[in-house]
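With the hints as your guide, set chains B, C and D onto chain A.
There are 4 protein chains.
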Amino acid sequence: MSELENNINERSFSNYEIEHGKRNIGVVGATGYTGMELIRLLTQHPDINLEVVTSRSSAGKKYSAIYPSFEGIFDNELLPVDSVSDHDLDLVFLAMPHRVSMDFVKDYGLENFRIVDLSGDFRLKSADLYEQWYEKKHSCPQYIEQAAYGLPELNRDRIRNADLVANPGCYPTSSILALAPLLMNSLIDPGSIIIDSKSGVTGAGSTPKETTHFPNVFGNFSAYGLLNHRHTPEIEQILSIVTEQEVQVQFTPHLLPIDRGILTTTYSRPSVDLNQDLVREAFLLFYETEYFVRVVDQPPSVKNVRGSNYCDLYATYDERTNRIITIAAIDNLVKGAAGQAIQNMNLMLRKIEKTGLVYPPLNP
Amino acid sequence: MSELENNINERSFSNYEIEHGKRNIGVVGATGYTGMELIRLLTQHPDINLEVVTSRSSAGKKYSAIYPSFEGIFDNELLPVDSVSDHDLDLVFLAMPHRVSMDFVKDYGLENFRIVDLSGDFRLKSADLYEQWYEKKHSCPQYIEQAAYGLPELNRDRIRNADLVANPGCYPTSSILALAPLLMNSLIDPGSIIIDSKSGVTGAGSTPKETTHFPNVFGNFSAYGLLNHRHTPEIEQILSIVTEQEVQVQFTPHLLPIDRGILTTTYSRPSVDLNQDLVREAFLLFYETEYFVRVVDQPPSVKNVRGSNYCDLYATYDERTNRIITIAAIDNLVKGAAGQAIQNMNLMLRKIEKTGLVYPPLNP
Amino acid sequence: MSELENNINERSFSNYEIEHGKRNIGVVGATGYTGMELIRLLTQHPDINLEVVTSRSSAGKKYSAIYPSFEGIFDNELLPVDSVSDHDLDLVFLAMPHRVSMDFVKDYGLENFRIVDLSGDFRLKSADLYEQWYEKKHSCPQYIEQAAYGLPELNRDRIRNADLVANPGCYPTSSILALAPLLMNSLIDPGSIIIDSKSGVTGAGSTPKETTHFPNVFGNFSAYGLLNHRHTPEIEQILSIVTEQEVQVQFTPHLLPIDRGILTTTYSRPSVDLNQDLVREAFLLFYETEYFVRVVDQPPSVKNVRGSNYCDLYATYDERTNRIITIAAIDNLVKGAAGQAIQNMNLMLRKIEKTGLVYPPLNP
Amino acid sequence: MSELENNINERSFSNYEIEHGKRNIGVVGATGYTGMELIRLLTQHPDINLEVVTSRSSAGKKYSAIYPSFEGIFDNELLPVDSVSDHDLDLVFLAMPHRVSMDFVKDYGLENFRIVDLSGDFRLKSADLYEQWYEKKHSCPQYIEQAAYGLPELNRDRIRNADLVANPGCYPTSSILALAPLLMNSLIDPGSIIIDSKSGVTGAGSTPKETTHFPNVFGNFSAYGLLNHRHTPEIEQILSIVTEQEVQVQFTPHLLPIDRGILTTTYSRPSVDLNQDLVREAFLLFYETEYFVRVVDQPPSVKNVRGSNYCDLYATYDERTNRIITIAAIDNLVKGAAGQAIQNMNLMLRKIEKTGLVYPPLNP
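Protein chains in written order, with my numbering: chain A, 12 to 375; chain B, 12 to 375; chain C, 12 to 375; chain D, 12 to 375.
This is chain A alone, in the form it adopts within the complex (with noise of 0.2 Å):
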């Protein structure tokens, strides 16, 4: 339990001097479609200086050349990835693919920046698990220990002093999200727990693909990578230690024909006698303090979180079958990347939490 609170007192909000003037920040690898989540929500907040933006590809392009959807908003110039080394910057977004940022890491180091990783490289707390389920032998596992987990919820004090942040994938939002208040409450057997999980077609990323093409994808729906996706490890490990026990889950991600939006609804079994009331308060209570997660009354629908970077949770419990189930629902990109990503990043420069990402969701 040293890295995760399980206390929800622990957990809540501590308080902390806030910090004022602007900061210097930079995005590496602006434009796959975290990069530019992370671009059209930094345009918005007061508190930084978008300094430097980088792409190994388009670099010497206008920015708003590439994506036009940015034009008159942010056209800055795209550098290469060594022009962080020319500034002064105080914290540098890595919105590179998996097995890339770590060679960042590992040629940059933590002494000039501090670093939120939006990539998987930091997120796992073993190299060998790493190499076993990326396929790649870890670049620079000197790193991994002091990497902090930027789930805010749970891990909001060391994320705070961290140099070096893993910012949780997608569907590990959701779903540690949907089951943290049942584990940590130890209301639930953390071997019963079966995740189903559904993900608009962002979250496999900017490069065309057979899996991606619009007529594969539209009218269609299916489930993939079973019993083998990389983010099965990533929500076991954080959910055991947040229990202090081993979490057991089986996860099943699916491919919903939206864009945006990931729906993850959850099964377990109670192991204490519960009711519908107990449930819900647990939820209620768990997440009192939290701006960014939802606990509603209905069942969720990703259209209520599109392009905001909340959580919608809704809990409840069959009587009948003896069962809990949790819904959460996420925008893929926002509080499954680059949200969640700004949210960490105003922890750790003691900004107000929510700066930056107070917006109704693009409903309908």
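Simulated from the structure, these hints should not be mistaken for lab results.
Any given hint could turn out to be false.
Same chains, same names: a pair is fine if it fits in one copy or spans any two.
Unchecked claim - Calculated cross-link-like contacts (lysine to any residue; reagent style SDA-like; alpha-carbon spacing at most 20 Å): (1) Lys220 x Ser68; (2) Lys73 x Asp97; (3) Lys365 x Thr54; (4) Lys220 x Gly43; (5) Lys365 x Gln55; (6) Lys365 x Pro57.
Structure of chains B, C and D alone, referenced to chain A:
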């Protein structure tokens, strides 16, 4: 076990004399989605005359005047419901809403023509259970007993001789087909079943509603009917009869932003030692002689069955978690409704079972 | 030409004193799509208090109880319409249906607060024309004359001083912006204009209908309202005033299977010698000082403006056929409705015109 | 006028002896979208043997191993292209990319089997024009002359006797059918034609690209290929031959966020006095004997023809503006490609023209 065969050999297609010649068919309630799909498929059926097609609201109009997609293919006039009495019909499909179908059966009986009822009115084997889940007193409980549950893969012989067939619900079709091989071979714990289902919007019918308004569904995804969907008792009843023991399922439907298709993911605990090969073989063997169930070796997708009567079925075993996962894909309007109804009709009229139903799915 | 400036210099942003301080705003009819979008945008506006938000059908309920996407952002209670009288309001948005808005104006007048009406009730400059196209006698024709047409790019000065602004229709906004530079510079034959427009489904409102039932729209596309859509006289009237001559347009709307967005393609015949550079320059010059009109150098797409107040505009000339083609993309709920209404409010209240409206589009 | 009949009487279905018996067919390039659609339709054709089905990349594999939707329907092995020589084939469909098809014709000639080429290689009547628009020198210009343009409604007699049929493009099919009655009856000014077309994404082929990546298309809409799309010369050429005068069209394609379907809206100026009835009658008369063209009395929609060989066609006249508007809806993969190819095959092999093509569209 009087109703459903519990033995694979018994299930298999017993020989019968094929009867030649055209039979006269009626469709009552032809303007809803299942009625429309019946017409679409029946116009291609070589062994029938589509003699009477009725509509309460549109009697007197040409079918293609209401649905222009049928122009040049089916331009017959819609008749009032009671015109079924004026024709010499061999079989009538009821494509009316729940709670309305039973009145038709009460009024017209089974003496003049056999009936395939696509509503839920004769699926549950007790009038009390019906009243509890459909919130209306059953109007002709005397017919419930003799109604055969119209899932040919499990109940072929009874269907063949039935005068009244209760065509299965769309979710139950996919769920039962995905679980029957496990339960009928006693491979799983009957209390461990979780069914996470996802359906396209045509499953909600042709009447515009808040929940099916385009901007509310497009780009969206959510669960609904948690804990209390009507298909729960239907699934449990059939699976219980099949296994001669009480089967309880956790059934959670979700609304997919597509027009057609259901994907059902099931989770269960083995009750015996298993491995992936054994599970897969159990499915291959169970459905060996079934034309419309295709046991596939990759997770299925709904577009691979779009517009067709196939059920694509995948089964695997997760050694790590000791769970069985099965996934079924059907077109809710075909194998989940009209196609299966025609499959039942073929059995009842001594036609080759797949007549009029062998078309490649519309993909892409 | 009294109403609209026909000269680029006159159009340009004349200086005025920015007035500081918060102003009190009301939204009447907040539960339709344009009302919802007004709330979404106004919650982000730094210079206003959202004092009164009304709903005929849902008065007494919390806004976020009806639209859960707003939970934690806008939880105010919906009030009955007449509560606008109980508050000291500077400006009221009317987001009610056509034919209803005018009664509000008649009942409440313009003495107590200024009004931006998002319906079509004050767009047409004659009560007779209104009656002809809206099939109802106008209930307060005395206000028609003073209503300023709320397209800031063409009518900024009048809007600023108006007590009643008729916010443009979504199709007219895209059509007029796509044609004004050509007509106001006398580059095209005013009788040669064809407008082929395509709109997302939110343009049809939030009430479920046959034509907006998900399965009827999904995977579908069609034209509607040929020859007689109400936006035809609106487009013609404004373009005629602009050019001081009769402009006649062929306007054909189509329904896109998406939630938001309009793409308008126009065709016209040059009346002078042209080439591609001249056409493009005319647009660049015309919109040089306009923040919300982005003249782009590739055909625009609706997703590049999703959720934003931008109008992306492309213009080209086909030498082979001697025709000009222009294409405009807007979000029908923002620049086509609520965003433009706020742009008008900013002008009326002496705020910086783009305040509260500078967000990157939600793409992907 | 040697190629296309300019007279309605001549166009009509001249009598010919229907030839009975099965014919042997090959499909070269069966794994692209048009190839897949050919297989889908040909498996339902009663008069042919699908003898050879080839693929460059997947030879040796079962067809259903590549496309699981075909399991149980078409499990044949894919052969290398040159196996067309090993079989006694009556007709071969070429479903290969532009610029590749012509090499097949050059290599195999027309002595051993007749060919329906679904690519653009033999549509343009001049090798120079081909080179200009397809940016490659034509590899066998000697066959261009004898290639019949495969639009049965306009060119039935030539198709019947041709050894090489150039199957029309999808946009040209919808455009030409929508304009031919006007031009062939000299009702419109041949220089006034504007064609605003919208196509589903399968029209762009099965290879994943940036422009067809799901998140780039979903919720999006845009124009492309302005001024220079390859279908422009194809449309102009055919319409010019039809009218024995130069026809020039303004053709603008757009990309619809759906999988299948084209909707084409045309605008033109009458050259004679007209009214709505006259226009509609001209279309009804022109297509009176055409089974696959349905002249409808409401604007058509693409879902009403989904999966079918129909072209739904609407024509109207706007008295106010003195313009004719026509709208055509087809399934780009059926009437716009594979279905029309089979219609051509039926003519060539003296089968009833609609054999194997009479299915209701898949709607909803």
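Which of the numbered hints are not met once you compare them with the structure shown? none
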